[in-house]
Amino acid sequence: MKQKWLLPLTIVCIISSFSLAFQLKILNYSSNSNPLSEKNTNLVTIINDLEAEIKEQENQIEKIRNDLSTLQNQQVEGELQELQDELQKVKILSGLTPVSGKGIVITVDDYSQGLQANPNDDPNKYIIHYENLLNIVSELKVGGAEAISINDQRLITTSEIRCVGNVILVNTTRIAPPFEVRVIGSPKILAEIINNGELEILRTSNFPVTLEEQNEVIIPAYKGELQFNYSQAVKGD
Amino acid sequence: MWLLPLFGLIIGAIIGSTIQYQIPTIYIKYMSIAVLASFDSVFGGIRAVIEEKFDGTVLLTGFFTNAMLAALLAYLGDRLGVDLYYAAVFAFGVRLFQNLANIRHNLLLKFRNYRQHKNMD
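Protein chains in written order, with this note's numbering: chain C, 9 to 245; chain E, 48 to 168.
Everything labelled a hint here was simulated from the structure, so no lab data went into it. Treat the hints with care, as some may be off.
Said to hold, decoys possible - Facing chain C, a subset of chain E residues (Cβ under 10 Å, in silico):
no.	residue
1	Leu-51
2	Met-78
3	Gly-91
4	Met-115
5	Leu-116
6	Val-129
As the list claims (entries may be wrong) - Think about it this way: if two alpha-carbon atoms lie no more than 20 Å apart in a straight line, the pair counts; the simulated DMTMM-like pairs of lysine to aspartate or glutamate are:
no.	chain 1	residue 1	chain 2	residue 2
7	C	Lys-97	C	Glu-70
8	C	Lys-63	C	Glu-220
9	C	Lys-12	E	Glu-98
10	C	Lys-12	E	Glu-99
11	C	Lys-231	C	Glu-188
12	C	Lys-231	C	Asp-130
13	C	Lys-12	E	Asp-102
14	C	Lys-231	C	Asp-129
15	C	Lys-196	C	Glu-220
Ideal Cβ positions, reconstructed from N, Cα and C, are used throughout, including at glycine.
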């Protein structure tokens, strides 16, 4: 008599507690992870891997270039010496050697205190954009800059300063604030032109900006590849 | 013997928490209705046992048809853009409370009767 209700009720109990536990587990799981962020994490690891690979290859290029220059420095004879001097000059011009000299060091950073004080404001007003860096570089070039680097990325003829989402690429390398722009050139002229130009604009918007004149500014060599596949010298020149 | 349903609860919870299968997130809503439907059946079953009119077939068919109907309602609601899902939640919720109230009433009555009889003896 009593057995009659036992089995059906047990079955229903098993099903109900099973579905409850299952549901709780799923809700827990789904609050911890969403597929989008998982995908993003995957992408981030891919990017990190690729960047590590780039770094490795850049080191290799640097090593080969060093080997090359030691080989070139070995032989010193008459006409060859002249050619080597010219080669060295061209290398300095193209940015393939580290250089040092008089110059200035500029640092610019995001105005994070301003953003914290006005959290509802448009954050774009408080960060350094790639245009700011472009303007700085252009003005420095007008001021006769001979070598420029941004966060240790040497600017050469093929260098870009490009906005990609919320990071800035220089020589296809991601750079982040604070930005340190090192320049070799006449410190006086450079400081004059930049102080009356982009830095003035940034200062009026309260960005933390510093400018330092130095007797010895060291600028690293360009680390990436540099190969012209399409350009050829015009004959008869 | 009345411990068997309790064991069932524990076994179901263990299976449910150890199983590795993942259902897509859009079906979570249907699962939650299934949970409500099954609890409704559990309490309905307990009530029927206490009222001494329990019928296993009624319980099991009631459980499955209720769950199906609720899922169907939720699905239809999704299609129509109306949250019919809440209708099922509401119905099951009300029935849960009613069943619980009935169980309490019956237990209380039985307890009082038992005491009265004891006093009379």
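Given pair status - Glu-70 of chain C, Lys-97 of chain C, alpha carbons within 20 Å: With a Cα-Cα distance of about 18 Å, the restraint between Lys-97 of chain C and Glu-70 of chain C holds, given a limit of 20 Å.
Agreement of Lys-63 of chain C and Glu-220 of chain C with the hint, judged by alpha carbon distance not exceeding 20 Å: violated (30 Å)
Interface hint compliance - Met-115 of chain E to chain C, C-beta minimum distance less than 10 Å: violated (13 Å)
Restraint outcome when Leu-51 of chain E is required to lie within 10 Å of chain C by C-beta distance: holds (5 Å)
Residue hint Met-78 of chain E, partner chain C, criterion CB-CB below 10 Å: It holds, given that the least Cβ distance between Met-78 of chain E and chain C is near 5 Å, below 10 Å.
Pair hint Lys-12 of chain C and Glu-99 of chain E, alpha-carbon separation not exceeding 20 Å: holds (11 Å)
Agreement of hint Leu-116 of chain E with chain C interface, Cβ distance less than 10 Å: violated (16 Å)
Chain C contact restraint on Gly-91 of chain E - CB to CB distance below 10 Å: holds (9 Å)
Given pair status - Asp-129 of chain C, Lys-231 of chain C, alpha carbons within 20 Å: Answer violated: Lys-231 of chain C to Asp-129 of chain C is near 39 Å, above 20 Å.
Given hint Asp-130 of chain C paired with Lys-231 of chain C - CA-CA distance at most 20 Å: At roughly 37 Å apart (the allowed maximum being 20 Å), Asp-130 of chain C and Lys-231 of chain C break the hint.
Cut-off 10 Å, beta-carbon criterion: hint that Val-129 of chain E touches chain C: Val-129 of chain E check fails; min Cβ-Cβ to chain C is 23 Å, beyond 10 Å.
Hint consistency between Lys-196 of chain C and Glu-220 of chain C [alpha-carbon to alpha-carbon, up to 20 Å]: It holds: about 11 Å lies between the C-alpha atoms, which stays within 20 Å.
Taken one by one, the earlier hints fail for this structure at numbers 4, 5, 6, 8, 12, 14, listed in ascending order.
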